[in-house]
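**Q** Sequence:
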Amino acid sequence: MAFPIDPTFGGTWPYEPQWFHTADGRMHYVDAGPRDGPPVILVHGNPAWGYLWRNFIPPLAGAGYRVIVPDHLGFGRSDKPDDASVYRIPRHAARFDELLESFDLRDATIVPQDWGGPIGLAWAARHPERVRALAILNTAAHRPPRKVAMPVALRLIRLPVVGEILVKGLHAFVRGFLFRGGVVHPERLGPNERAAYLAPHPTWSSRTGILVFPRQIPAGPEGDVSDFVASVHDGLMGLRQRPIFIAWGMKDFAFVPSYLDELWLADFPHAEVLRLPDAGHFVQEDAHETVVPALLNFLGRAYGSS
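Once you know that position 204 of the sequence shown is 195 in my numbering, the rest is easy, because the numbers rise by one and skip nothing.
What the hints contain is simulated information worked out from the structure, not anything from laboratory work.
Incorrect hints may have been included.
Claimed, not checked - Keeping only pairs whose Cα atoms sit at most 30 Å apart, straight-line, the calculated DSS-like set for lysine-lysine is:
| # | residue 1 | residue 2 |
| --- | --- | --- |
| 1 | K159 | K138 |
| 2 | K159 | K242 |
| 3 | K242 | K138 |
To be verified - What follows is a list of derived Cβ distance ranges for each label pair:
| # | residue 1 | residue 2 | range |
| --- | --- | --- | --- |
| 4 | R26 | E178 | 36 to 42 Å |
| 5 | L189 | N46 | 16 to 22 Å |
| 6 | G28 | V153 | 17 to 23 Å |
| 7 | P248 | D88 | 26 to 32 Å |
| 8 | G28 | T3 | 19 to 25 Å |
| 9 | V152 | D269 | 34 to 40 Å |
C-beta: ideal position from N, C-alpha, C; glycine also.
Work out the full structure, taking the sequences as your base and the hints as a guide.
**A** Structure below.
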């Protein structure tokens, strides 16, 4: 899509758009760094887009990695069809798979956050021979073991009509979650950053993808999304011997610390863990100064360059 304002957002996003065509619409992505460098794929969730990784791309590319940053359909500069069915998690994952297969990647590292977890890790689970390492940030890829008690805000968004008014009418998922509840330091989001997160969704119809994500959160162990994430989890068990890095915002009200301790570390007890006591859900905003050096250090060891 063509952003209605400065597409670099004050120079904070200096990348030329690149496109991949799918049956559901055009996906935008950034491809930075040397094309023959080890591939590192940064995978956003809801309601963000590739801009969330703006503080990761230059240092990773500068260190010699090929950095691929897709925008899921419905987000960022990708197309935004007003059709809820195209935003189901298996459809997102299938398009992500198509995109990465077009690059014919080897020795890749997936770096997912939020819904980027089940989407990006689904590719890793399907193509273990192409995966060098995983670097996980505040996400889940596990079947809920029991009925989930959801925060009031999420329960409201899942209600018919109410959810449409909140998310598609008031843009509350960006204004309330990304700008407030999902970060510990909202003051770090200045005018350029806020403009960048608001720009992709200027209309009611362009916000359909934002609404569909929270309505897919599994409320318990049953259901198609629970089955999907369970299949991803099962596939990830084949990657247990790969290098694993986990950075976790400990003040995340959505993915609380028990997700880290009782789920991820139960599966990957050898993982290298970075606990971020003063970071929320969006660790890319709250703690990139800490996460990026740790990630670079981890990647250097995973690829045997340090």
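**Q** If a hint holds in the structure, say so; if it does not, say that too.
**A** Verification of the hints:
1. For the hint pairing K159 with K138, the CA-to-CA distance comes to about 27 Å; that is within 30 Å, so the pair holds.
2. Among the hinted pairs, K159 with K242 is consistent with the structure: their alpha-carbon atoms are about 27 Å apart, no more than 30 Å.
3. For a cut-off of 30 Å, the pair hint linking K242 to K138 stands: about 22 Å separates their Cα positions.
4. The supplied range of 36 to 42 Å is met by R26 and E178, whose beta-carbon atoms lie about 38 Å from each other.
5. The hinted range of 16 to 22 Å is satisfied by L189 and N46, whose Cβ atoms lie roughly 19 Å apart.
6. Separated by about 47 Å at the C-beta atoms, G28 and V153 break the suggested range of 17 to 23 Å.
7. At about 31 Å, the beta-carbon gap between P248 and D88 stays in the expected band of 26 to 32 Å.
8. A C-beta distance of roughly 23 Å is found between G28 and T3, which places it inside the suggested range of 19 to 25 Å.
9. Distance hint for V152 and D269: a CB-CB separation of about 38 Å, consistent with the stated range 34 to 40 Å.
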